[in-house]
Amino acid sequence: MPELPEVEVVRAGLVPAVTGASVASVTVFDERSLRRHEGPSEDFIDRMRGVRFAAPERRGKFLWLPFVSEIQEFPTHAGGSNGVSGGERSKSPEFPKDPVGARGDAAELPGEALVVHLGMSGQVLLRDRSTDDRLTRIRLDIVHPTAGALRLNFVDQRIFGSMAINTMLPTRDHPEQLIPAQVAHIARDPLDECFDDALFLKRLGARKTGIKRALLDQTLVSGIGNIYADEALWAARVHYDQPTSTLSRPRAQLLLAEVRAVLVKALGEGGTSFDAQYVNVNGNSGYFSHSLNAYGQQGKPCPRCGTPIVREQFMNRGSHFCPKCQKVSG
DNA sequence: AAGTAATCCTGATCGC
DNA sequence: TGCGATCAGGATTACT
227 MPELPEVEVV
237 RAGLVPAVTG
247 ASVASVTVFD
257 ERSLRRHEGP
267 SEDFIDRMRG
277 VRFAAPERRG
287 KFLWLPFVSE
297 IQEFPTHAGG
307 SNGVSGGERS
317 KSPEFPKDPV
327 GARGDAAELP
337 GEALVVHLGM
347 SGQVLLRDRS
357 TDDRLTRIRL
367 DIVHPTAGAL
377 RLNFVDQRIF
387 GSMAINTMLP
397 TRDHPEQLIP
407 AQVAHIARDP
417 LDECFDDALF
427 LKRLGARKTG
437 IKRALLDQTL
447 VSGIGNIYAD
457 EALWAARVHY
467 DQPTSTLSRP
477 RAQLLLAEVR
487 AVLVKALGEG
497 GTSFDAQYVN
507 VNGNSGYFSH
517 SLNAYGQQGK
527 PCPRCGTPIV
537 REQFMNRGSH
547 FCPKCQKVSG
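Heads up, the first sequence stops at 556 in my numbering, and the numbers go up one at a time, no gaps.
Treat the hints loosely; a few may be bogus.
[Said to hold, decoys possible] Derived lysine-lysine pairs resembling DSS-like cross-links, with alpha carbons at most 25 Å apart: (1) K550 - K428; (2) K526 - K550; (3) K434 - K491; (4) K553 - K434; (5) K526 - K553.
Rather than coming from a laboratory, the hints here were simulated on the basis of the structure. Owing to the predicted nature of the structure, the values given are computational and were not obtained by experimental measurement.
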């Protein structure tokens with residue numbers, strides 16, 4: 227289950243290969259992976275071709291590759307010797323409408339980005355042009371100025387993930403920062419330097435729900451999924467169904483600190499993977515699964531007190547906790 | 001309005 | 001060996 231650390235590993239892995247690279251060709255093998263793209267696959271393919279990427283960015287579990295806007299593009303020799311820029315770009319007659327109008331005025335163009343969400347089982351694999359991966363739903367062949375011809379395979383078994391082209395908007399709290407429109411409702415993640423601890427604690431206290439529900443609500447705090455929610459709750463000794471309004475401020479602050487600690491530690495170990503469901507851009511697994519204290523540890527002794535870890539169904543997923551260390555307090 | 005349930009989705013694995 | 005049942009859960013949509 228790719229959560230913040232796993233997505234960040236992917237983002238960091240893509241930076242050297244994608245920044246400054248141009249899209250040579252796009253193949254959509256399963257258009258369900260474009261569910262979040264507004265328009266058919268032909269529209270996606272047509273708009274991707276010839277695009278040049280800036281450095282990949284991330285918020286929570288969302289990843290995006292900004293397009294270098296035309297105004298910023300390096301002056302390049304007209305005609306393009308590599309054959310992938312400009313000239314071949316064709317416009318689909320079914321979708322001639324440019325929402326902004328004046329294509330000629332590059333300064334008026336809104337920024338766009340390729341938004342990627344890995345869902346439950348998504349991977350972005352960086353390959354050479356001769357490598358295919360099973361379950362590849364979308365393939366991007368790119369050309370990097372120094373690394374040359376490369377391939378990005380978007381692999382996704384369960385098709386909960388997606389790719390989409392999306393326009394960029396100013397963020398509410400820091401308008402000089404841009405974010406894809408479909409990510410605008412996602413809260414900043416706890417590793418974001420602009421994350422507002424006081425605002426988070428205030429909103430958390432106002433919720434009328436259980437703490438794990440709140441941690442998994444990406445509009446309150448992003449990047450946390452089932453694994454790291456269970457791990458942070460275990461570390462802070464909080465029961466998953468503890469009402470948010472009953473958490474004392476120090477306890478909530480401790481929990482936030484433990485969330486950060488577990489995310490940072492997992493990031494340092496390359497993320498969590500139990501099998502081939504999550505890998506970095508080179509197809510390698512992370513090691514954090516060796517560091518889990520609660521998630522998936524049902525029946526095994528709690529590393530703190532020895533009481534067997536319990537797994538319960540909650541929110542249509544598993545919740546793992548120590549029944550002795552983590553009790554609902556009131 | 002806010003909180004919660006339903007929905008999507010398929011390869012790997014297991015039991016018989 | 002084959003086959004159906006089971007399992008994993010992030011984000012959005014649809015309700016109450």
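Unmet hints by their number, sorted upward, for this structure: 1 and 3
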